[in-house]
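Please build the complete structure, drawing on both the sequences and the hints.
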Amino acid sequence: MKGPEEFSCRVIEQDALAPDYYLLKLEAPELARNSSPGQFAMLRCSEGYDPFLRRPLAIHQVDRNKGQVLFLYQVRGKGTKWLSMRCQHDKLSLLGPLGRGFSFSAAGGRAMIVGAGVGVAPLLFLASELRAQGWDLVILMGARNKSGILRPDAFRECGDLIIATEDGSCGEQGTILDLLSRELAKSSFDKLFACGPLSVLKGVQTMSREKGIAAELSLDERMACGVGACVGCVCQGHDGSYLRVCKEGPVFSAEEVVLGE
Amino acid sequence: MSDLTVNLAGIKMKNPVMSASGTFGSGVEYASVFDVSKMGALVTKGLTKEPKAGNKSPRICETPAGLLNAVGLQNPGVEVFIRDYLPEMLEFGVPVIANIAGSTGDEFVYLAERLTQTGVAGLEVNISCPNVKTGGMALGTVPEVAAEVVKAVVQATDLPVIVKLTPNVTDIKELAQAVAAAGADAISLINTLVGMVIDVDKRKPFLGNCIGGLSGPAIRPVGVRAVWEVSQLVDLPVIGMGGITTGRDALEYIMAGASAVAVGSAFFYDPLAAVKIIDELDQYCTDHGVEKLQDLVGAAWKEK
Ligand SMILES: Cc1cc2nc3c(=O)[nH]c(=O)nc-3n(C[C@H](O)[C@H](O)[C@H](O)COP(=O)(O)OP(=O)(O)OC[C@H]3O[C@@H](n4cnc5c(N)ncnc54)[C@H](O)[C@@H]3O)c2cc1C
Ligand SMILES: Cc1cc2nc3c(=O)[nH]c(=O)nc-3n(C[C@H](O)[C@H](O)[C@H](O)COP(=O)(O)O)c2cc1C
Ligand code: FES
Chain A
1 MKGPEEFSCR
11 VIEQDALAPD
21 YYLLKLEAPE
31 LARNSSPGQF
41 AMLRCSEGYD
51 PFLRRPLAIH
61 QVDRNKGQVL
71 FLYQVRGKGT
81 KWLSMRCQHD
91 KLSLLGPLGR
101 GFSFSAAGGR
111 AMIVGAGVGV
121 APLLFLASEL
131 RAQGWDLVIL
141 MGARNKSGIL
151 RPDAFRECGD
161 LIIATEDGSC
171 GEQGTILDLL
181 SRELAKSSFD
191 KLFACGPLSV
201 LKGVQTMSRE
211 KGIAAELSLD
221 ERMACGVGAC
231 VGCVCQGHDG
241 SYLRVCKEGP
251 VFSAEEVVLG
261 E
Chain B
262 MSDLTVNLAG
272 IKMKNPVMSA
282 SGTFGSGVEY
292 ASVFDVSKMG
302 ALVTKGLTKE
312 PKAGNKSPRI
322 CETPAGLLNA
332 VGLQNPGVEV
342 FIRDYLPEML
352 EFGVPVIANI
362 AGSTGDEFVY
372 LAERLTQTGV
382 AGLEVNISCP
392 NVKTGGMALG
402 TVPEVAAEVV
412 KAVVQATDLP
422 VIVKLTPNVT
432 DIKELAQAVA
442 AAGADAISLI
452 NTLVGMVIDV
462 DKRKPFLGNC
472 IGGLSGPAIR
482 PVGVRAVWEV
492 SQLVDLPVIG
502 MGGITTGRDA
512 LEYIMAGASA
522 VAVGSAFFYD
532 PLAAVKIIDE
542 LDQYCTDHGV
552 EKLQDLVGAA
562 WKEK
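Listed in order, the protein sequences are those of chains A and B.
Quick note on numbering: the working numbering labels position 154 of the first sequence as 154, and the sequence is numbered without any gaps.
Offset between the second sequence (1-based) and the working numbering: plus 261.
Hints may be right or wrong, so weigh each one.
To be verified - If you anchor each label on the Cβ, the simulated ranges turn out as follows:
id: 1; chain 1: B; residue 1: Val-403; chain 2: A; residue 2: Gly-67; range: 56 to 62 Å
id: 2; chain 1: A; residue 1: Lys-146; chain 2: B; residue 2: Arg-486; range: 36 to 42 Å
id: 3; chain 1: B; residue 1: Ala-314; chain 2: A; residue 2: Pro-197; range: 22 to 28 Å
id: 4; chain 1: A; residue 1: Gly-134; chain 2: B; residue 2: Gln-544; range: 51 to 57 Å
id: 5; chain 1: A; residue 1: Lys-146; chain 2: B; residue 2: Ser-293; range: 55 to 61 Å
Stated by the list, open to error - 25 Å max Cα-Cα, derived DSS-like pairs, lysine-lysine:
id: 6; chain 1: B; residue 1: Lys-465; chain 2: A; residue 2: Lys-78
id: 7; chain 1: B; residue 1: Lys-537; chain 2: B; residue 2: Lys-299
id: 8; chain 1: A; residue 1: Lys-91; chain 2: B; residue 2: Lys-463
id: 9; chain 1: B; residue 1: Lys-299; chain 2: A; residue 2: Lys-81
id: 10; chain 1: B; residue 1: Lys-465; chain 2: B; residue 2: Lys-275
id: 11; chain 1: A; residue 1: Lys-202; chain 2: A; residue 2: Lys-146
id: 12; chain 1: B; residue 1: Lys-313; chain 2: A; residue 2: Lys-247
id: 13; chain 1: A; residue 1: Lys-2; chain 2: B; residue 2: Lys-537
No lab work stands behind these hints: they were computed from the structure.
It should be emphasised that the depicted structure is a prediction, and the values quoted were computed from it without experimental measurement.
Every residue, glycine too, gets a C-beta built ideally from N, C-alpha and C.
Shown next, in the form of structure tokens:
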């Protein structure tokens, strides 16, 4: 696997998918070629020192033929706000690909993908690679309401998509964990993949344990270097040691980590 | 190409730009990002005798033009460092300086002895870490205590001994004089400034450790001041650090009296910062007809 590199990438286009949710397309041929699902990049989100730190964003989708990389993100604060204002032809500084992504056997199987809110970001790349390797996929997407259901059509191309919103404005009414426990009771799976808020990851971790299904979780932690150099982004390993989310993760197997508050 | 070389207390470097302890891993993390062998020297993360788990999360909090960190000296311990990490660091072919962070004088002596004859080019005695309960800054705020630690380390090794001081004191000059008298070969200035951020939604301190060390551009004037005062008072080479992000930042430190500089938080902002700084120093010398960069050391001192 090739190590991360620093790139200056041109913005090809940027679209608002819903208020505060953006899809950013960059010209980044090497990143497109060298990334694997679950990896991320650190994007500089300022012209000066405010904000000072780069922001981690998952590789959402790649088009290796066109040399393009897409990011899907939610505006949370200063950094993502700045990012959302970049236009076609602007240049962005970015370090990637970073971290350890999802792992799956090339032999195929049946997998459940669980994406809550903007946690679906790394899962489209995963779903399309799994699909290409012959996996059967059930994809669960959950959000508070309809505007948080991101890129359903793209996901639908990769497998069976089931949507739940807490207010029932799209798909079924309920939480993604309700959906998950129902679907796990209905049929069997070889592997679970999940990304989303901590409460969802904890739920997936618990259910995977109960059902004895291997699960991989993509974690979120504040980062500074993104390459494993500063030991600033740790989560707790099952043996009590600290693991760097940017290096040993961001994807961990569910047995590997203890999820905090 | 101008002459950027520096001989820092016997450590020969091709340019004065080093990595700051704790921000650069063992260098291999950046090996695919830029040519690490271009650096003047590499400094390790703070090392302790036994492995150290470090503080609980969150360890990092962004602040205006900088960040707070409370890593708590997580490191694999000196033995594992020597076995697993040092060889790959030495591969870069640039001097490697080991940052040692004992919690007692005896631990410092142990670390100094253990690291002598391993290929490291020097020791940086970290009596300035704000993120540990024992040792660290506690050993670096009282001149007599600091002098005792330094004296013991100097006796335990024939490597150049660099002492890294904390700015979290009333009078940094007094400390610098004490460690100089105790036999230090060079002084590093500055470690992070103690700080804190409160999460107003949760109504509690943001960092797992509550307090942390402030670094980045926000602290640069504090570092420059410390270097300017200490370098004029003490007859030892000084390594300047704190918020260096560009060549001009590095020049500020050099003109304040630093013979070498270290780049830390800037790697987070721009992973190419160190190589850009080296190029900018060279360019400045060319543009201003400076033959030897070392001629600029202390250019902004009082009597000049
Ligand atoms: C490996 C990784 C991949 C990521 N991928 C994506 C992605 O593809 N799409 C996406 O939208 N987001 C992603 N994130 C989260 C994203 O990095 C943060 O939302 C972003 O850094 C916020 O920056 P900001 O300047 O806009 O907000 P800030 O001003 O920094 O913060 C705004 C608010 O968000 C909270 N916040 C900020 N950072 C985090 C964090 N890391 N974890 C929890 N809360 C936080 C703050 O507490 C604050 O309330 C990812 C995070 C990681 C670690
Ligand atoms: C994440 C992080 C970890 C650090 N760890 C150490 C350490 O282990 N030992 C040490 O002496 N200084 C440590 N420092 C302090 C730096 O070496 C440096 O003195 C300080 O950050 C100021 O420089 P900067 O503003 O360029 O980062 C650390 C700083 C940061 C940001
Ligand atoms: S962000 Fe520096 S080690 Fe992960």
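Consistency of the hints with the structure:
1. Distance hint check: the CB atoms of B:Val-403 and A:Gly-67 are about 59 Å apart, consistent with the given range 56 to 62 Å.
2. At roughly 56 Å, the beta carbons of A:Lys-146 and B:Arg-486 sit outside the given window of 36 to 42 Å.
3. Remark: the range hint 22 to 28 Å for B:Ala-314 to A:Pro-197 is upheld by a beta-carbon distance near 26 Å.
4. About 55 Å separates the C-beta atoms of A:Gly-134 and B:Gln-544, a value consistent with the hinted range of 51 to 57 Å.
5. Hint check: A:Lys-146 to B:Ser-293, Cβ distance near 42 Å, so the stated range 55 to 61 Å is violated.
6. Of the pairs offered as hints, the one joining B:Lys-465 and A:Lys-78 holds, with about 22 Å between alpha carbons and a cut-off of 25 Å not exceeded.
7. For the suggested pair B:Lys-537 and B:Lys-299, the alpha carbons sit about 11 Å apart, so the restraint of at most 25 Å is met.
8. A distance of roughly 37 Å separates the Cα atoms of A:Lys-91 and B:Lys-463; the hinted pair therefore is violated under the 25 Å criterion.
9. This hinted pair does not check out: B:Lys-299 and A:Lys-81 have alpha carbons roughly 36 Å apart, beyond 25 Å.
10. A distance of roughly 47 Å separates the Cα atoms of B:Lys-465 and B:Lys-275; the hinted pair therefore is violated under the 25 Å criterion.
11. For the hint linking A:Lys-202 to A:Lys-146, the alpha-carbon distance of about 24 Å falls within 25 Å, and the restraint holds.
12. Between the alpha carbons of B:Lys-313 and A:Lys-247 the distance comes to roughly 18 Å, so the proposed pair stays at or under 25 Å and holds.
13. A distance of roughly 23 Å separates the Cα atoms of A:Lys-2 and B:Lys-537; the hinted pair therefore holds under the 25 Å criterion.
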